[in-house]
Amino acid sequence: MPREGILINKPIERLSGEQIRLIHDASIEILTNPGLLCFNKKAAEIFQSHGAGVAGVTGSDTPCWHVKIPEKLVSDALDSAPRMVTLGARNPDNVLIMKGDEPRVFFITGSETNIWLDVDFSTYVNKADPTKEVKLPEFQPRRGMVADLCDSAHVCEHLETIDGYIRTVNIQDKDITEDNKDVNKFFACLNNTTKHVMSGLTSLKQLDNVIKMAEIIAGGSTKLKENPLISFITCLVKSPLQFVDDTTETFMEVCKRGLPIVVSSSPQAGTSAPIKEAGIMAQINAEVLAGITLGQLVNKGTPVLYGSVPVRARMDTLGDSYGSVETSQYHVDCTQMARFYNLPNYSTSGVCDTKTPGQQSSIERLFSDIVVALSGPQFLHCAFGLLDCNSVFCLLQAVLDDAHFQMIKFFLKSPRIDEQELDTVKKQIREVVATPQKMFINYIRPVMRSGEISPPYPFEGDGESDSVFALANERLQALRAKPVEHIDPDTTARIFREIPGLLPRLNVYKGESKS
Amino acid sequence: MSGDIIELIKENVIQGRVNKDDEGIGEDTIGQPGVTELIKEGLASGVSVSEIINNGLTASMVVVGEKFENEEYYIPDMLASAEAVGAAMELLKPHLAKSGVKPKGKILVATVKGDLHDIGKNIVSILLRGAGYIVIDLGHDVGTQEIVKAVREENPDYLGLSALLTSTMVNMEDTIKALKENGLRDKVKIIIGGAPVSPEYAESIGADGYGADGFHAVSVIETLNGGN
Numbered sequence: 001m002p003r004e005g006i007l008i009n010k011p012i013e014r015l016s017g018e019q020i021r022l023i024h025d026a027s028i029e030i031l032t033n034p035g036l037l038c039f040n041k042k043a044a045e046i047f048q049s050h051g052a053g054v055a056g057v058t059g060s061d062t063p064c065w066h067v068k069i070p071e072k073l074v075s076d077a078l079d080s081a082p083r084m085v086t087l088g089a090r091n092p093d094n095v096l097i098m099k100g101d102e103p104r105v106f107f108i109t110g111s112e113t114n115i116w117l118d119v120d121f122s123t124y125v126n127k128a129d130p131t132k133e134v135k136l137p138e139f140q141p142r143r144g145m146v147a148d149l150c151d152s153a154h155v156c157e158h159l160e161t162i163d164g165y166i167r168t169v170n171i172q173d174k175d176i177t178e179d180n181k182d183v184n185k186f187f188a189c190l191n192n193t194t195k196h197v198m199s200g201l202t203s204l205k206q207l208d209n210v211i212k213m214a215e216i217i218a219g220g221s222t223k224l225k226e227n228p229l230i231s232f233i234t235c236l237v238k239s240p241l242q243f244v245d246d247t248t249e250t251f252m253e254v255c256k257r258g259l260p261i262v263v264s265s266s267p268q269a270g271t272s273a274p275i276k277e278a279g280i281m282a283q284i285n286a287e288v289l290a291g292i293t294l295g296q297l298v299n300k301g302t303p304v305l306y307g308s309v310p311v312r313a314r315m316d317t318l319g320d321s322y323g324s325v326e327t328s329q330y331h332v333d334c335t336q337m338a339r340f341y342n343l344p345n346y347s348t349s350g351v352c353d354t355k356t357p358g359q360q361s362s363i364e365r366l367f368s369d370i371v372v373a374l375s376g377p378q379f380l381h382c383a384f385g386l387l388d389c390n391s392v393f394c395l396l397q398a399v400l401d402d403a404h405f406q407m408i409k410f411f412l413k414s415p416r417i418d419e420q421e422l423d424t425v426k427k428q429i430r431e432v433v434a435t436p437q438k439m440f441i442n443y444i445r446p447v448m449r450s451g452e453i454s455p456p457y458p459f460e461g462d463g464e465s466d467s468v469f470a471l472a473n474e475r476l477q478a479l480r481a482k483p484v485e486h487i488d489p490d491t492t493a494r495i496f497r498e499i500p501g502l503l504p505r506l507n508v509y510k511g512e513s514k515s
Numbered sequence: 001m002s003g004d005i006i007e008l009i010k011e012n013v014i015q016g017r018v019n020k021d022d023e024g025i026g027e028d029t030i031g032q033p034g035v036t037e038l039i040k041e042g043l044a045s046g047v048s049v050s051e052i053i054n055n056g057l058t059a060s061m062v063v064v065g066e067k068f069e070n071e072e073y074y075i076p077d078m079l080a081s082a083e084a085v086g087a088a089m090e091l092l093k094p095h096l097a098k099s100g101v102k103p104k105g106k107i108l109v110a111t112v113k114g115d116l117h118d119i120g121k122n123i124v125s126i127l128l129r130g131a132g133y134i135v136i137d138l139g140h141d142v143g144t145q146e147i148v149k150a151v152r153e154e155n156p157d158y159l160g161l162s163a164l165l166t167s168t169m170v171n172m173e174d175t176i177k178a179l180k181e182n183g184l185r186d187k188v189k190i191i192i193g194g195a196p197v198s199p200e201y202a203e204s205i206g207a208d209g210y211g212a213d214g215f216h217a218v219s220v221i222e223t224l225n226g227g228n
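Line by line, the protein sequences give chains D and U. Position one of the first sequence corresponds to residue 1 (the working numbering), numbered consecutively onward. Position one of the second sequence corresponds to residue 1 (the working numbering), numbered consecutively onward.
Take the hints with a grain of salt, since some may be wrong.
[As the list claims (entries may be wrong)] When the alpha-carbon atoms are kept at most 35 angstroms apart in a straight line, the in silico DSBU-like pairs for lysine-lysine are as follows: (1) D:223 <-> D:205; (2) D:427 <-> U:67; (3) U:20 <-> D:427; (4) U:93 <-> D:438; (5) D:300 <-> U:187; (6) D:99 <-> D:10; (7) D:135 <-> U:67; (8) U:93 <-> U:113; (9) D:438 <-> U:177; (10) D:482 <-> D:135; (11) U:67 <-> D:132; (12) U:189 <-> D:438; (13) D:413 <-> U:20; (14) D:438 <-> U:187; (15) D:438 <-> U:40; (16) U:40 <-> U:93; (17) D:438 <-> U:20; (18) D:426 <-> U:180; (19) U:180 <-> D:181; (20) U:113 <-> D:427; (21) D:409 <-> U:67; (22) D:426 <-> U:40; (23) D:438 <-> U:113; (24) D:438 <-> U:67; (25) D:427 <-> U:93.
[What the hints assert, rightly or not] Interface residues of chain D toward chain U, partial, derived using beta-carbon atoms under 8 angstroms: (26) 441; (27) 442; (28) 444; (29) 449.
Hints were generated in silico from the structure; no laboratory data involved. For each residue, glycine too, the CB sits at the ideal point set by N, CA and C.
Kindly produce the complete structure, drawing on both the sequences and the hints.
Okay, structure coming up:
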């Protein structure tokens with residue numbers, strides 16, 4: 001049975017039908033005027049061979065083509081792109097089925113951060129009153145390593161609110177190179193979680209090795225097509241409106257192989273996109289449509305997700321402000337646009353501006369997590385554990401986020417109000433009113449045990465002290481102590497025999513130190 | 001036979017099933033005899049009152065307490081079990097004297113004048129009944145003189161006063177003063193409870209104890225009762 005996700009009963013909407021149509025029309029117009037700059041020759045040729053207006057750009061340092069995509073190509077692509085995308089998993093119970101017309105939300109980790117935040121706890125004593133002491137976390141940033149990625153994948157495997165896994169940390173070990181990074185990061189993820197694994201690709205040269213690894217795990221190429229336990233994400237269009245050479249190449253090669261892929265665009269309102277909501281929406285929609293169109297031209301029927309990661313610029317630094325309210329507005333808008341096209345939507349929430357776990361991080365991420373989830377994106381990349389605008393990953397924050405998502409998921413459940421339910425409660429009311437004590441407590445028990453009552457916040461301390469971090473850390477250590485469901489020994493042996501570049505220390509059956 | 005009945009009583013107290021219509025937390029329990037039916041059956045078949053109380057009710061509440069400690073049970077579960085014991089004690093009341101079993105004590109509870117909030121007082125009542133006390137509940141919005149009259153007539157060992165409002169908690173002090181004026185204060189131990197009151201307030205008005213919640217209230221009374 002695939003994972004259920006959460007079906008949003010009535011997704012929130014910001015855009016009216018008329019506004020959606022206006023954005024669509026503006027995007028279609030933008031695709032021809034001004035059109036896109038394309039730095040990938042093959043992509044320009046594909047567009048040209050299918051009737052797009054393509055002209056070489058003179059005076060550019062690097063080869064570049066001006067591409068004008070006619071509406072017909074876009075509408076054909078929207079017709080051929082699958083409405084339903086399956087993201088497979090090592091464990092069949094973790095398969096995700098995403099339908100473009102069904103606002104069923106799955107919560108997935110990511111993105112790739114360079115910094116891993118270690119947490120240690122120190123005890124501070126009040127100088128005036130040494131009997132008073134407080135235990136506080138101290139955060140130490142360092143470069144992320146492959147062992148951290150294994151650790152993160154393992155912990156996320158045991159966090160029930162997480163439906164799928166995007167690698168959370170960029171592996172920067174000394175023996176990791178551009179040529180072996182992809183196989184090691186995919187293996188580290190796949191060997192430590194049985195949930196779906198999505199990642200970007202560092203080197204196109206590694207694509208076939210990564211896919212071969214997935215085929216070995218899935219049981220062959222046909223099995224991998226049926227159960228695509230890996231998928232990819234590419235930002236092939238750099239804002240504003242530019243097909244980047246290498247990521248476009250990667251995108252097309254993944255499309256040729258028929259594995260699911262996210263067409264992602266991440267314009268920043270104010271710098272790489274207009275600051276006005278109408279402007280960033282028309283542009284991001286044009287950029288995603290351009291990518292989807294290219295993907296369908298390369299391989300009709302390629303499973304794609306409408307990927308949207310818009311953000312507003314900070315006014316003080318012009319950096320990303322994921323914590324801004326407008327960023328959540330853009331995401332809700334994009335979810336509506338994807339639903340307008342009946343395509344599954346990859347959306348983003350929970351990214352915060354602050355650098356360490358704390359009140360600001362909780363407020364920023366909870367705000368966007370709630371509102372974006374309510375809009376009903378199918379693939380909610382909800383920045384589990386991420387801090388500092390996707391630069392830092394902290395497992396303690398991931399555990400805190402899990403508690404947030406337990407609350408959000410509970411809130412998103414559909415109300416159970418029907419005739420049978422009302423008949424039952426009317427009977428209860430009549431019975432209780434007739435008793436001397438007039439209390440409904442006896443009726444709590446079956447409801448409590450059926451999961452219909454939301455659990456208390458799991459990190460509530462005793463008394464007046466705030467013990468959230470300490471209790472979350474206890475849970476983190478408990479999760480780390482849980483068993484890891486590794487790939488079986490025979491399959492692991494075959495992977496290490498046939499896939500070049502894997503770090504021997506990742507082979508947990510070789511008696512070498514585990515990652 | 002007696003062992004079977006006792007085990008069933010125990011099981012049903014743990015399930016919190018007062019009678020056959022209670023579903024408890026087990027499967028397919030509705031229609032099966034609950035604690036009250038089993039007590040009647042036990043008495044009819046000659047099982048002794050002391051065996052029912054000691055090996056059935058008290059022993060089962062020990063298990064319930066352990067489940068609560070282990071977070072397997074929550075307060076609604078404790079209350080359901082306590083209510084089952086309370087119902088059992090009501091049935092056993094006429095048999096107590098001749099069987100030589102004494103109740104732990106008699107307690108009179110009331111929410112004071114001007115206050116309609118009685119959830120806390122009701123929970124305390126259920127828990128006390130479950131702990132083996134005879135509870136007389138005067139209800140809510142109970143006037144000072146009405147409480148004095150009940151103390152005089154019922155001669156309880158304990159008086160529990162409850163208030164949820166800062167505007168009504170002062171009536172607790174008035175009640176204690178009235179009991180003094182009527183020469184009844186020394187005949188009854190008084191504990192108070194409710195959101196606005198505190199141990200300090202209890203001391204300041206001359207109460208004997210303060211219960212922070214239902215369980216604490218029972219524990220305070222058990223302590224006043226000499227740890228019985």
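Problem set entry | Straight-line alpha-carbon gap residue 413 (chain D) to residue 20 (chain U), limit 35 angstroms | Given pair residue 413 (chain D), residue 20 (chain U) holds - Cα atoms ~34 angstroms apart, limit 35 angstroms.
Exercise. Within a Cα-Cα threshold of 35 angstroms, do residue 40 (chain U) and residue 93 (chain U) meet the stated pairing?
Worked result: Holds, at roughly 12 angstroms.
Problem set entry | Hinted pair residue 438 (chain D) and residue 20 (chain U), Cα distance within 35 angstroms | With Cα atoms ~20 angstroms apart, residue 438 (chain D) and residue 20 (chain U) stay inside 35 angstroms; holds.
Exercise. Would the pair residue 93 (chain U) and residue 113 (chain U) pass a check requiring their Cα atoms to be no farther apart than 35 angstroms?
Worked result: Roughly 31 angstroms between the alpha carbons, so the hint for residue 93 (chain U) and residue 113 (chain U) holds.
Exercise. Given the hinted pair residue 300 (chain D) and residue 187 (chain U), is their alpha-carbon gap at most 35 angstroms?
Worked result: violated (91 angstroms)
Exercise. If you take the shortest Cβ to Cβ gap from residue 449 (chain D) to chain U, is it below 8 angstroms?
Worked result: Constraint on residue 449 (chain D) satisfied, holds at 6 angstroms.
Exercise. Taking only the CA atoms, is the gap from residue 427 (chain D) to residue 93 (chain U) under or equal to 35 angstroms?
Worked result: The given pair, whose Cα atoms are some 31 angstroms apart, holds under the 35 angstroms limit.
Problem set entry | Given hint residue 438 (chain D) paired with residue 189 (chain U) - CA-CA distance at most 35 angstroms | holds (28 angstroms)
Exercise. Taking 35 angstroms as the top limit, are the C-alpha atoms of residue 135 (chain D) and residue 67 (chain U) close enough?
Worked result: Measuring from Cα to Cα gives roughly 31 angstroms; hence the hint holds.
Problem set entry | residue 444 (chain D) as chain U interface residue, shortest Cβ-Cβ below 8 angstroms | holds (4 angstroms)
Exercise. Has the given pair, residue 67 (chain U) with residue 132 (chain D), been kept, meaning a C-alpha gap of at most 35 angstroms?
Worked result: holds (34 angstroms)
Problem set entry | Straight-line alpha-carbon gap residue 93 (chain U) to residue 438 (chain D), limit 35 angstroms | holds (24 angstroms)
Against the hints set out earlier in the document, violations occur for numbers 5, 18 and 19.
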